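Trainee: Sequence:
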Amino acid sequence: MYPVLRTTLTLAALAVALPSSALAQPVVGETVELKVRAAAIPAHPKPRDNRVHLRFQGGTAANVTNVDTDSGWIELVGVTTRGTAGTGWVTPRYIKRAVLSVDHAPEPDAWCPPKGSPEAHPSGRLRIATWNLKALHAENGRSIFPDSPKRQTEDYDRIRCYVRMFDPDILAVQEVDRLEALERIVDTDVYNVHVSRRNSEVPGQQNTGFAYKKGLRATPKPDLTTLRTSRGLRYGTRLDVLHNGQTIKLLSIHLKSGCFSNPRSGSACAKLDSQVAKLEEWIDEAAAKESPFIVLGDFNRTLNEPGDRVWAELDDGVPKHADLTSATKDMPISCAKNRYTQFVDHLVFDRRSATWFDRTSFRQVTFRQADRGQWPKISDHCAVMAELWVTER
Numbered sequence: 012m013y014p015v016l017r018t019t020l021t022l023a024a025l026a027v028a029l030p031s032s033a034l035a036q037p038v039v040g041e042t043v044e045l046k047v048r049a050a051a052i053p054a055h056p057k058p059r060d061n062r063v064h065l066r067f068q069g070g071t072a073a074n075v076t077n078v079d080t081d082s083g084w085i086e087l088v089g090v091t092t093r094g095t096a097g098t099g100w101v102t103p104r105y106i107k108r109a110v111l112s113v114d115h116a117p118e119p120d121a122w123c124p125p126k127g128s129p130e131a132h133p134s135g136r137l138r139i140a141t142w143n144l145k146a147l148h149a150e151n152g153r154s155i156f157p158d159s160p161k162r163q164t165e166d167y168d169r170i171r172c173y174v175r176m177f178d179p180d181i182l183a184v185q186e187v188d189r190l191e192a193l194e195r196i197v198d199t200d201v202y203n204v205h206v207s208r209r210n211s212e213v214p215g216q217q218n219t220g221f222a223y224k225k226g227l228r229a230t231p232k233p234d235l236t237t238l239r240t241s242r243g244l245r246y247g248t249r250l251d252v253l254h255n256g257q258t259i260k261l262l263s264i265h266l267k268s269g270c271f272s273n274p275r276s277g278s279a280c281a282k283l284d285s286q287v288a289k290l291e292e293w294i295d296e297a298a299a300k301e302s303p304f305i306v307l308g309d310f311n312r313t314l315n316e317p318g319d320r321v322w323a324e325l326d327d328g329v330p331k332h333a334d335l336t337s338a339t340k341d342m343p344i345s346c347a348k349n350r351y352t353q354f355v356d357h358l359v360f361d362r363r364s365a366t367w368f369d370r371t372s373f374r375q376v377t378f379r380q381a382d383r384g385q386w387p388k389i390s391d392h393c394a395v396m397a398e399l400w401v402t403e404r
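Sequential numbering of the sequence shown, starting at 12, is according to our numbering.
It is possible that some hints are incorrect.
[Unchecked claim] EDC-like, lysine to aspartate or glutamate: derived pairs with alpha carbons at most 16 angstroms apart: (1) K260 - E292; (2) K260 - E291; (3) K145 - D391; (4) K145 - D158; (5) K126 - D200; (6) K225 - D200.
Derived by calculation from the structure, the hints in this document are not laboratory data.
Predicted, not measured: the structure shown is a model, and the values here were computed from it.
Work the whole structure out from these sequences, hints included.
Mentor: Encoded structure:
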């Protein structure tokens, strides 16, 4: 994290509070607000050098590290359009106003935990989770859909703090724009990231993926493309993890929305049915092989309701390791405003991986009341997590 860039006071309030001299030419050590500009802010390798080697995200805060008195150009450290920190020189016309002296910069939110370790837990414990991140775009002020959140740097930072709070070893994600979007909400020196290649090169998409700790012996595998049974449906993302001598196959999914429970009818249910058939094929094939598996993600289905047809199809016990366990079954639900009373995000274990599941470890990670005004920019889903104690092979 870059604490100086995480200014939590409103820029308008600061402009009122600062003396007029603070709105003049920035000086080294100050934080400035960049203008909002459609093409972002061009940054250059040195003063008066018109080559553009990176672009800063417009409307964000940046730190002044140098001022060239001859040209008036200003060197900044700020957030690039890729969501990472970058250094470059800009002309004064791109700076809206000085924001805050570094000497008086607010401390990072006290509740935000420190970074977790990138190493696997020494006890052999494996903490897994899934989280639908509600149309997480890679760029500040951009949205995947017209009605989806337009997040700023502080919103990405807040989500990262929640990830730190429950500190998963493996996090399956849904509704991420592309690799750069996922990198914005995890500590990239703690986690590796892997995102489905379905339109991953095109901005503004919903994709599945994984973030996993760098110390894990993990191998990304080709996407499960068969889940895209019609236009617009999403691939599954695959990851194999070698842990305590056991190879575990993981699949992050996001199935069709709109067919949440019985009875099943209409176009949404037809699309979901086609995906369930392909998912069952994958489950049966994996169950017939040597390695245990786990399916994590947004099933968009209340699998735990008695007599649910989707669950009955998936959990048919044929082959024998296709005898499945849902970690969310009989567990309490508590997410934000408690609008929903049934889980649609699930952790599903095969017969072998279920023996490692510590049921007492299950949690749904809800949001702080202090963040209530920002809940829509966090997500409309809450992460669900559980711990495995993988027996050594």
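Trainee: Next step is simple, just say for each hint if it's right about the structure.
Mentor: Against the structure, the hints:
no. : hint        : verdict
1   : K260 - E292 : holds, 15 angstroms
2   : K260 - E291 : holds, 15 angstroms
3   : K145 - D391 : holds, 6 angstroms
4   : K145 - D158 : holds, 11 angstroms
5   : K126 - D200 : holds, 9 angstroms
6   : K225 - D200 : holds, 8 angstroms
Going down the numbered hints, you'll see the structure goes against none, and every one checks out.
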